[in-house]
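K.L.:
The primary structure of each chain is shown beneath.
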Amino acid sequence: GAGVSQSPRYKVAKRGQDVALRCDPISGHVSLFWYQQALGQGPEFLTYFQNEAQLDKSGLPSDRFFAERPEGSVSTLKIQRTQQEDSAVYLCASSLMEQGWPRSPLHFGNGTRLTVT
Amino acid sequence: QQPVQSPQAVILREGEDAVINCSSSKALYSVHWYRQKHGEAPVFLMILLKGGEQKGHEKISASFNEKKQQSSLYLTASQLSYSGTYFCGTGPSTFNAGGTSYGKLTFGQGTILTVHP
Numbered sequence: 001g002a003g004v005s006q007s008p009r010y011k012v013a014k015r016g017q018d019v020a021l022r023c024d025p026i027s028g029h030v031s032l033f034w035y036q037q038a039l040g041q042g043p044e045f046l047t048y049f050q051n052e053a054q055l056d057k058s059g060l061p062s063d064r065f066f067a068e069r070p071e072g073s074v075s076t077l078k079i080q081r082t083q084q085e086d087s088a089v090y091l092c093a094s095s096l097m098e099q100g101w102p103r104s105p106l107h108f109g110n111g112t113r114l115t116v117t
Numbered sequence: 001q002q003p004v005q006s007p008q009a010v011i012l013r014e015g016e017d018a019v020i021n022c023s024s025s026k027a028l029y030s031v032h033w034y035r036q037k038h039g040e041a042p043v044f045l046m047i048l049l050k051g052g053e054q055k056g057h058e059k060i061s062a063s064f065n066e067k068k069q070q071s072s073l074y075l076t077a078s079q080l081s082y083s084g085t086y087f088c089g090t091g092p093s094t095f096n097a098g099g100t101s102y103g104k105l106t107f108g109q110g111t112i113l114t115v116h117p
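Respectively, the protein sequence lines represent chains Y and E.
The opening position of the first sequence corresponds to residue 1 in the numbering used here, with each subsequent residue numbered one higher.
The opening position of the second sequence corresponds to residue 1 in the numbering used here, with each subsequent residue numbered one higher.
Please keep in mind that the hints were generated in silico from the structure rather than gathered at the bench.
Owing to the predicted nature of the structure, the values given are computational and were not obtained by experimental measurement.
Ideal Cβ positions, reconstructed from N, Cα and C, are used throughout, including at glycine.
Treat the hints with care, since some could be wrong.
Label pairs and their in silico Cβ distance ranges [claimed, not checked]:
hint : chain 1 : residue 1 : chain 2 : residue 2 : range
1    : E       : R13       : Y       : R15       : 41 to 47 Å
2    : E       : E40       : Y       : S87       : 15 to 21 Å
3    : E       : K26       : Y       : A38       : 40 to 46 Å
4    : Y       : P70       : E       : K67       : 43 to 49 Å
5    : Y       : E68       : E       : G52       : 18 to 24 Å
6    : Y       : Q83       : E       : K37       : 28 to 34 Å
7    : Y       : D18       : E       : Y74       : 42 to 48 Å
Make the full structure from the sequences, and use the hints.
P.N.:
Written out as structure tokens, the structure reads:
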């Protein structure tokens, strides 16, 4: 079946603009993660959903970052009043969690590359 | 705290072997390994769990030393397709929120592997 789909693939925003990044996980995957990946670095955890419940948002850098998954499938990461330091690749990952944590692998999307000018 | 990977980069010729290490200052309960090619999604390779349980690809092996809080990924008889950046992701035991268990990975900074013909 299809993998994790993210859109847009690239986004250029002027400083101060709001952006919305979309993640369409693999059908049936209950767990959904957002990660931020700076150039040349490993992914850094932002937030976690189990179905529609946001169980962990400890990694969100500021209150300008907001994520939702209202129906337990598609998720949106919104960044308000973008700053240059927000420039990064935003990765979404989902997992069926069929064997529970930590036995279940993450399936990543290709990410959205955000550039704030 | 982010795990530390070594080496930062490796250059090989086809057929040569490589070892990538991942060390943590915290007690490890699980280690996930992923490979990411430029501009693409990280792809799952291997999960290692406390107690010796493993899950992953047949052609890639790994070890997990709980006492030393280290994991190593062994790439033997390398192929051109092995090129990419390898990340280890370490996890604590499960978190609990509202009666629901989940986990999250903290990734290392990555090891760039280049295989030449």
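K.L.:
Next step is simple, just say for each hint if it's right about the structure.
P.N.:
Verification of the supplied hints:
1. R13/E x R15/Y: 41 to 47 Å: holds, 46 Å
2. E40/E x S87/Y: 15 to 21 Å: Between E40/E and S87/Y, where Cβ atoms are some 19 Å apart, the hint holds.
3. K26/E x A38/Y: 40 to 46 Å: Given about 22 Å between the Cβ atoms, the range is violated.
4. P70/Y x K67/E: 43 to 49 Å: holds, 45 Å
5. E68/Y x G52/E: 18 to 24 Å: violated, 39 Å
6. Q83/Y x K37/E: 28 to 34 Å: holds, 29 Å
7. D18/Y x Y74/E: 42 to 48 Å: The hinted range 42 to 48 Å holds for D18/Y and Y74/E, with Cβ atoms some 46 Å apart.
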